[in-house]
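Sequence order for the protein chains is U and B. If you want my numbering, it's the 1-based position in the first sequence plus 28. If you want my numbering, it's the 1-based position in the second sequence plus 1.
Honestly, the hints are just simulated from the structure, not real lab data. Where a beta carbon is used, it is the ideal one built from N, C-alpha and C, also for glycine. A portion of the hints provided could be inaccurate.
From the derived model, a few chain U residues whose C-beta atoms are all more than 12 Å from chain B [to be verified]: (1) R54; (2) A68; (3) A262; (4) T311; (5) A516.
Some chain B residues flagged as far from chain U (calculated, every beta-carbon gap over 10 Å) [what the hints assert, rightly or not]: (6) P89; (7) I112; (8) A142.
Taking lysine to aspartate or glutamate and the DMTMM-like style, the derived pairs with C-alpha atoms no more than 25 Å apart in a straight line are [to be verified]: (9) U:K543 x B:D80; (10) U:K426 x U:D282; (11) B:K74 x U:D329.
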Amino acid sequence: MRPAGLIASTLFLLLCAACSNEPRPRPPGTLFVSVEQQSAWVRNFNPLFPGAGSRWPTRAGVYECLELYTPSKGDFQPWLATGHAWSEDRRTLRFTLREGVRWSDGKAFTAEDVAYTFQLLRKHAALDAGGVWRFLSDVRAEGPHTVAFQFSRTFIPGFGDLAAQPIVPRHIWELVADPVTFTNPNPVATGPFTQVSVFRNQVYELSRNPYYWQPGKPAVRALRFLAFPTNDQANLALVEGEVDWAGNFVPAVDRTFVSKDPKHHARWFPLFGSTVFLYPNTTQPPLNDVRVRKALSMALDRERLVEIAMYGYTRPADATGLNDAYTGWRDAAVADDAWVRHDAKEAARLLDEAGLTRGPDGLRRQADGSPLTLDIEVVGGWSDWVRAGQVVARDLRKLGLQAQLRTYEFSAWQARLQKGEFQLAISWSLDGPTPYTFYKWMLSSATVRPVGEVAPANWQRYGDKETDALLERFEVTDSREEQQALMAQVQRRFSETAPAIPLFPNPSWGESNSKRFTGFPTEANPYARLSPHAEPDSLLVLTALVPREAP
Amino acid sequence: MRYVLRRLGFYLLAAWASLTMNFVIPRLAPGDPATAMFARFEGRISPEALVALKTAFGFTDAPWHVQYFTYLKHLLTGDFGLSYAYYPSPVTEVIGTGLLWTLGLAGCAVIISFAVGTMLGVLAAWNRGGWLDSALAPALAFLGAFPYFWLAMLALYLFGFGLGWFPLRHAYSHDVEPGATLTFIADVGRHAVLPAASIVVATLGGWMLSMRNTMVAVLGTDTLRLAHAKGLPPRQVMLRYAARNALLPNVTGFGMALGFVLSGSLLTEIVFSYPGTGYLLILAVRNQDYPLMQGLFLVITLAVLAANFAVDLLCLWLDPRTRAHA
């Protein structure tokens with residue numbers, strides 16, 4: 029017993045000594061950020077592979093792209109490229125590169141690097157997330173500061189994909205055997221933070237790029253990331269003031285976070301996230317009938333829905349389905365269309381007109397008299413969607429439809445959705461710099477896959493010939509007025525055909541603590557989205573922040 | 002010796018069977034890793050990327066029997082491939098981020114809980130009706146009946162958040178350089194107290210009760226009466242005669258508990274943000290990350306089998322009857 033007792037008491041003393049340690053002061057000028065949620069960090073800074081493997085902010089912070097798209101402004105701004113120009117025939121796009129940019133190892137950044145990056149994407153299809161080689165035929169450097177992209181067909185929206193691609197240095201990646209499986213432990217890049225100064229399973233730190241091209245920037249000395257496995261842990265650290273910048277969903281944020289220190293704690297949840305839809309499977313009767321889809325939409329009390337499902341953090345969707353990142357594109361007349369407003373009487377009339385009349389038991393039947401049931405499919409654990417689904421089911425039942433919520437495990441839900449083996453499902457929508465991407469995956473016939481085949485989007489499987497023609501014209505024009513006019517017509521088609529039922533746009537979650545750093549984006553100063561998830565805006569924030577006390 | 006060899010053979014067979022199950026079960030689940038990864042972006046990457054991801058993971062389209070033999074070959078060579086969820090990091094590196102911490106934390110907690118619980122059970126049975134028996138045993142059983150998650154949150158709230166005695170998260174402070182220094186060891190110790198204590202408190206009652214109950218039965222046997230009659234000192238009777246005989250069921254339970262250490266501490270990891278394999282396992286299942294799942298299951302299987310083998314050997318030493326059969 030003696031030695032055991034001795035060991036125990038020594039351990040106890042050791043622990044007491046450790047307990048009495050005061051918390052050490054925070055390293056000055058170090059920004060604590062919470063973006064990814066992991067129980068432990070794995071060292072990976074590969075900017076090319078589109079999967080989730082690389083640590084934040086590899087794609088926009090360590091590496092940089094040619095031009096930055098900022099939804100809050102609705103436009104591109106120069107970054108590694110100072111500008112771009114289309115050739116007369118709209119088949120060649122030339123980017124002019126910024127002079128004086130250097131990689132973090134001191135070597136000069138040139139057009140060769142840009143061309144090589146895109147050649148890598150061509151050689152390794154797995155890296156081509158934007159699918160740029162579907163419309164490119166060649167890319168080459170024209171001198172040190174000009175790079176020319178040769179298009180195989182005129183495709184103006186392709187500019188957005190090219191501008192957003194993180195650029196890697198040729199002299200490093202030439203030597204990499206397989207860029208797809210390369211974890212790039214010590215990145216050489218052009219971004220503001222490139223030096224991995226600490227990397228352990230629960231923390232990593234990125235320090236400044238010694239050769240960063242913006243003089244005097246970044247003012248932040250280093251970025252530090254603590255591993256939090258869940259939202260709750262990250263939120264606790266945020267409320268406690270340990271984390272300076274986060275992009276988490278915080279329940280009752282004004283009470284739990286902002287009110288703790290209203291001078292410094294701030295949140296900004298602009299509606300720049302993808303719009304959440306109730307997707308009808310338009311290959312199945314009666315959902316192939318536009319009157320039925322509009323009736324379902326009008327049955328919904330969206331005001332209540334956003335209150336219950338989203339704690340009032342968002343607004344009901346309008347008839348264009350667009351989120352606030354497209355404010356400049358939205359057609360006000362279309363947005364006001366009635367089919368997204370709650371009107372139970374009109375909904376009932378439309379259903380009667382479509383032949384779905386109430387039987388003696390009050391339940392609606394199909395035109396041939398067979399009973400009609402509607403299953404709404406959502407992912408089991410996603411509580412906001414589950415609540416939304418419950419509200420939808422309740423509103424539909426009021427109309428005499430036998431609607432019920434079905435929760436599935438994520439991958440099962442995903443498989444059913446993609447293969448078109450569902451009736452109604454709640455899911456997200458796709459976004460891009462212009463509404464082109466959004467409407468392409470809503471209405472374009474080219475994106476319709478047969479039932480049983482996996483569709484990456486357009487799960488409702490709806491194609492509209494008129495929209496196809498409009499989108500084709502959109503692809504070949506670079507005049508903003510013409511684009512605007514075409515998009516207004518596409519919005520009109522969307523509202524007329526109602527291929528899917530918009531519910532609400534998602535907020536883009538962002539919280540900041542300005543106790544140690546100033547310069548976070550706010551509603552009054554929306555130079556970028558506050559959410560660190562929002563790439564590549566994160567580059568703007570990372571270079572704008574200034575520590576309050578000089579390190 | 003023959004007994005030991007026979008047991009070893011049995012364990013090899015069990016290992017093969019479980020490895021095969023390990024291969025089959027994940028593949029029966031719906032979905033595929035590329036779509037799961039794509040879906041985690043909720044539309045933030047373009048649908049074209051799905052094709053790109055499928056290209057990267059293309060090798061999973063091979064027929065099952067081909068996959069099975071490559072799987073076995075890779076296991077034998079220690080090559081678990083690249084994790085899908087953490088693509089392109091190797092599975093060994095991913096498991097490495099948590100394995101030692103889980104072993105250290107949950108392993109120590111289980112050993113402490115077993116040792117203390119068993120000893121308390123011995124004392125409770127020996128002084129039947131005493132305060133240990135009538136007050137502590139029900140109190141511990143009561144604590145053990147709480148949902149673990151709740152117990153851990155309460156401990157974190159009271160001792161971490163409220164009183165500030167212990168850190169709120171992680172296995173060590175983010176600004177302490179890991180190494181064989183006293184500061185680091187003390188830091189790790191301080192971080193381990195709450196999570197380890199919560200596991201011990203939640204499981205102590207089980208060990209104590211089962212030990213006490215077997216011990217009470219053993220105390221009534223003739224062996225014990227003989228030992229008393231021979232005039233042996235009570236302490237020797239209690240430990241060498243009664244406890245040793247009563248220990249067998251608890252040791253078997255201990256073997257099981259040790260084996261499940263690697264998979265069973267998910268809630269501890271989540272509540273205390275402790276790095277570990279439990280969280281990785283959930284993540285692997287959610288993302289259809291077959292390589293990571295297989296790597297983890299292999300480690301868990303081997304741990305369960307090794308712990309059971311060790312218990313077999315321990316029983317051989319504790320219980321002469323098993324030796325007679327061998």
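Hint by hint, here is what the structure shows:
Consistency note on R54 of chain U: stated as away from chain B, yet its beta-carbon is not over 12 Å from all of that chain's, at 8 Å minimum. Distance to chain B contradicts A68 of chain U as a non-interface residue, since its nearest Cβ pair spans about 4 Å, not more than 12 Å. Its closest Cβ contact with chain B, about 9 Å, brings A262 of chain U to no more than 12 Å, contrary to its assignment away from the interface. Consistency note on T311 of chain U: stated as away from chain B, and its beta-carbon is indeed over 12 Å from all of that chain's, at 19 Å minimum.
Once the 12 Å rule is applied to beta carbons, A516 of chain U is consistent with being away from chain B; the minimum gap is 23 Å. With 10 Å as the threshold on Cβ separation, the claim that P89 of chain B sits away from chain U is violated: the shortest Cβ distance comes to roughly 4 Å. Interface exclusion of I112 of chain B from chain U stands, the closest Cβ pair being 13 Å apart, more than 10 Å. Look at A142 of chain B: its CB is around 25 Å from the nearest CB on chain U, clear of 10 Å, so calling it non-interface holds up.
A hinted pair counts as satisfied when its Cα atoms are at most 25 Å apart, and K543 of chain U with D80 of chain B does not qualify at roughly 48 Å. Taking the CA atoms of K426 of chain U and D282 of chain U, the gap is about 35 Å. The hint is violated against a cut of 25 Å. The straight-line distance between the Cα atoms of K74 of chain B and D329 of chain U is roughly 58 Å, outside the 25 Å bound, and the hint therefore fails.
This entry does not satisfy hints 1, 2, 3, 6, 9, 10, 11, going by the numbered hints stated previously.
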